[in-house]
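Asker: Keeping the supplied structure of chain U fixed, place chains L, S, P and Y upon it in accordance with the hints.
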Amino acid sequence: MDFLSIVGVILGFAVIIGGNFAEGGSIQSLMNGPAAMIVLGGTFAAAILQTPKKSLKRALTIFRWVFRPPYSPFAEGIKKLVNWAAAARKDGLLGLEQIAENEKDAFAKKGLQLLVDGSEPEVIRRILESDLILDEQRDFDAVKFYESMGGYAPTIGIIGAVMGLIHVMNNLADPALLGPGIAVAFVATIYGVALANLFFLPIANKLRMCVSERSQYRELFIEGIIAIADGENPRSIEMKLNGYLHAQ
Amino acid sequence: MDFLSIVGVILGFAVIIGGNFAEGGSIQSLMNGPAAMIVLGGTFAAAILQTPKKSLKRALTIFRWVFRPPYSPFAEGIKKLVNWAAAARKDGLLGLEQIAENEKDAFAKKGLQLLVDGSEPEVIRRILESDLILDEQRDFDAVKFYESMGGYAPTIGIIGAVMGLIHVMNNLADPALLGPGIAVAFVATIYGVALANLFFLPIANKLRMCVSERSQYRELFIEGIIAIADGENPRSIEMKLNGYLHAQ
Amino acid sequence: MDFLSIVGVILGFAVIIGGNFAEGGSIQSLMNGPAAMIVLGGTFAAAILQTPKKSLKRALTIFRWVFRPPYSPFAEGIKKLVNWAAAARKDGLLGLEQIAENEKDAFAKKGLQLLVDGSEPEVIRRILESDLILDEQRDFDAVKFYESMGGYAPTIGIIGAVMGLIHVMNNLADPALLGPGIAVAFVATIYGVALANLFFLPIANKLRMCVSERSQYRELFIEGIIAIADGENPRSIEMKLNGYLHAQ
Amino acid sequence: MDFLSIVGVILGFAVIIGGNFAEGGSIQSLMNGPAAMIVLGGTFAAAILQTPKKSLKRALTIFRWVFRPPYSPFAEGIKKLVNWAAAARKDGLLGLEQIAENEKDAFAKKGLQLLVDGSEPEVIRRILESDLILDEQRDFDAVKFYESMGGYAPTIGIIGAVMGLIHVMNNLADPALLGPGIAVAFVATIYGVALANLFFLPIANKLRMCVSERSQYRELFIEGIIAIADGENPRSIEMKLNGYLHAQ
Amino acid sequence: MDFLSIVGVILGFAVIIGGNFAEGGSIQSLMNGPAAMIVLGGTFAAAILQTPKKSLKRALTIFRWVFRPPYSPFAEGIKKLVNWAAAARKDGLLGLEQIAENEKDAFAKKGLQLLVDGSEPEVIRRILESDLILDEQRDFDAVKFYESMGGYAPTIGIIGAVMGLIHVMNNLADPALLGPGIAVAFVATIYGVALANLFFLPIANKLRMCVSERSQYRELFIEGIIAIADGENPRSIEMKLNGYLHAQ
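The listed protein sequences correspond, in order, to chains U, L, S, P and Y.
Under the numbering used here, the first residue of the first sequence carries the number 1, and numbering increases by one thereafter.
Under the numbering used here, the first residue of the second sequence carries the number 1, and numbering increases by one thereafter.
Under the numbering used here, the first residue of the third sequence carries the number 1, and numbering increases by one thereafter.
Under the numbering used here, the first residue of the fourth sequence carries the number 1, and numbering increases by one thereafter.
Under the numbering used here, the first residue of the fifth sequence carries the number 1, and numbering increases by one thereafter.
For reference, chain U alone in the conformation it holds in the complex (with noise of 0.2 Å):
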């Protein structure tokens, strides 16, 4: 659980509110049906204009990152690496092939059976690292989705914000009219940008480093099982592969 995900989210909602709140506004000065509905509505037309149907697919699967972060744990991924080289080691890379079989990460799995079929290190490396970029792409295109949403809005609220004050310029000589009509052209404006930077771009950069991790945790096993199939001795593995640890 991604604690901070959350403190963040109700934080960031909690003071606009309670801000307006201390400087004397009520709840309902912010509370303004059309500009949501100009605001929420334009932003999600445009995002799905320009996102393809299986990124936007792939972007409501990896919102739940943002609060259960995909799970890497490099320290095990270490051990696990020197684990295997050890029993190569021992077996062959043929000891290999239970282990295998057992593994539930797909992508250390793909590994091992290239390590099994015994496949050339260089061609092992190809392999995997085109999956690896394969799958990142995906995942950065998903990202974009809530990027462009959080490019969008404040752009949207602008619109919403032009259109109420042009509803209001027909009282512009009666100023008892023309505030509270200013006020609620400006609402909009307040939720493109809240929900641009309190929400959607905050999200789409904790997605991006998701991605990222992952991509790290994945080049860990490359390194890890490129070295197995060179044959080096587990030791020299683990010395090798503990800057990953390090930059944790």
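It should be emphasised that the hints constitute simulated quantities derived from the structure, not laboratory data.
Just to be clear, a hint being listed does not mean it is correct.
[Stated by the list, open to error] Keeping only pairs whose Cα atoms sit at most 16 Å apart, straight-line, the calculated EDC-like set for lysine to aspartate or glutamate is:
| hint | chain 1 | residue 1 | chain 2 | residue 2 |
| --- | --- | --- | --- | --- |
| 1 | S | Lys-54 | Y | Asp-2 |
| 2 | L | Lys-54 | S | Glu-213 |
| 3 | Y | Lys-57 | P | Asp-2 |
All figures in this text were calculated on a predicted structure; none of them were measured in a lab.
Answerer: This is chains L, S, P and Y only, laid out in the frame that chain U set:
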């Protein structure tokens, strides 16, 4: 058919008009001939000044991809390549001659012909990658037509708005005339920002992803055809390529 | 002749003036000497402060490309290269000596001379690619002259507008004077934004694409000349290079 | 101790407060609890929503580098490496074992151990470069915490300002109340822009340069250690490495 | 002497002051002590907070390049290299020893010494390219000092303006006091935008191009010295290098 695109375009303009209606604004208050002329005309003028003729033609050609993206069936593509590998195993590379003649996809056909001609794997890769990059560059240049309109529209909208404001400044002393004048001026801002954010920019981004997906589909064929040239067995080719499938 | 460029420039300024007219504004309201002096002078001043002399000269030289882009006939280029390959096959590389002397394009001529001198393919590639990159860099540096003016114009326009606003603030109590004063101040904004978006930025982008197209044309010659040096047969060279043609 | 940083932080806030004083403004006019709560709280909320826990911890750890940058003595480093080369010449690579044990810098120590183990130069380079990049990536991710706060602060400041403006719109008819209300609203803008431009963004940039300098210092060790592994003589190593010294 | 730079600086500030004068504004209306203190002080404070001491010193050192760019005589450089190649042909690489001692340019001298020492071409390239990149990085870091001031100045200008507006909001009911108050506040905006766009940003860009040109000049020497090490004949070296000359 890309329903997300259709929904996105319709939803975007629907919430603007609906939101305006819900706020009590009339549809007339959003209609303004000169503003439309300035924003549409100016944006189009800037875009055709910057776009070479061949990119403009290509931009118009690929516009339909927004609603009907090019078909890139990764699963079928892998099946095809595995079948070709089997045919090459059975009858030699010359056995692909008939298949090459019947292949409809021009890119795959060129790859098959290079195989039949017995070109070196490295040569095949260089030629096909060069074709991939040249086509991709041509299409990214075409996408820039829409992207540039997304960039110019809001600033041209500002020109329209400021010109409108200049016009009403003569009525500064008379709020009864000033208000409607400012309202009209603001319409140009809405045109510019809405066109850019609900149409041009999302369209450019969708097209960019279509081009990237086509390139990825072609990379699949390059990898497969090189593997056939290297004489790899069909099962190993399938395993190598299934990363493309998984990443969809 | 690039008619799109001519239409783009004329259309851009026509819709601004026509739109102003349609909104009921006079042409005089868009004319303001001091604003023009500040925006044009300031933009030009910033651009020449940042541009080295040789880039400024080159920028003025290549300006004509906006309306008369450099001629890059890919189909003819491929035909030429195929003919050279045939000549080299028939009479050896020395048979290209006469052709080299008559070749008018300096870049192609240098390539032919390197062929006649019997240079290694790798050496030819390195020299020609180095020349391509050096020329491209020189021209991209020149394009930055226009690009930088597109960046400075709107901000200098804001300086002009704010200076105008400062000037009218003394009349804040008298709307009869305030209005026209603000109107004059706003003209500087229009000058800056319009110059940047209807002229400098599109021109910079068109020039950038001209430079890129020339580089692509030269890449075609590099590939072709290397293939001749490698002794490839004309038919194979044609097949290799037709990707350039298809991408036009 | 980095006196420039201390002077920069103090000077930045001093000129704001001093300038306000010189303009005749009171310090109270810049103090506003709700604005501070919105801007600080919202910026912090967005930043912790986007930052993974390990990057946040690292960000807090390296904050002290702003005032006490990590020590990277290039001249001493070169002297050390030349001494190691001399020792390796005299006693063989095993002669470095004692030196490795006493070396305090973990990165240099790992390099020495790889030398003592007799690893191939190419292997040493790959391991040390991988460690360098992993650490650099971890620290750049941490720097993004401050950078993101520099990006969010001004937009959250705008939220605070617009919320304040909404609040005062009810007093639009009464300038005696309107003025102070707008003044309070503007304070949020100042908080956001000042925090970003006088604190978060400069700090992020300084930290980024600290990380880059440490990487450059490590590159010096990689080059030196590879040269020792290649058996180069101390004089030649010194000449090779003095470019690092000259570039300080 | 770079006359364009001198003209650019003078012209920039002349059109601002002249334009203000032509609009009927007085020079006094552009003078404001507190605004200058906030904008200059705040911008400088942010820049020194972010800049390491060595980059600040280098930034001050290379400032003179704006008006007196480093001398990079490509034609002379090629002539020198051709002469060295001829000397090396006649007397062997040792014949360059005397030339190396008399060479004033430190970079060329190091290259000559490496030639005299009989280093491998690949080693010479690596050492010289490393030196080129290290120096380039150091100078790009120094250029960032001016670039960052160009980025901070307008935002600090906004702080000054908003602080001024807060101050005048107490006079909202009295246009006679309000107008001049707003005018004073706006001066800070002009200071920030003008400093950035007429001084800091163009200067940073000019310096960046100076650094790039010096790097290109050094690349010329690297290519030439490698060619001498490879024993190429002077005529062929001249032909190889004349692309550098053509690109000026």
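Asker: Taking 16 Å as the top limit, are the C-alpha atoms of Lys-54/S and Asp-2/Y close enough?
Answerer: Roughly 11 Å separates the two Cα atoms, so the pair holds.
Asker: Is it true that the CA of Lys-54/L sits at most 16 Å from the CA of Glu-213/S?
Answerer: 11 Å, holds
Asker: Next pair to validate is Lys-57/Y with Asp-2/P; report whether the Cα-Cα distance is within 16 Å.
Answerer: Holds: Lys-57/Y and Asp-2/P sit about 14 Å apart, inside 16 Å.
Of the numbered hints given earlier, the model fails none.
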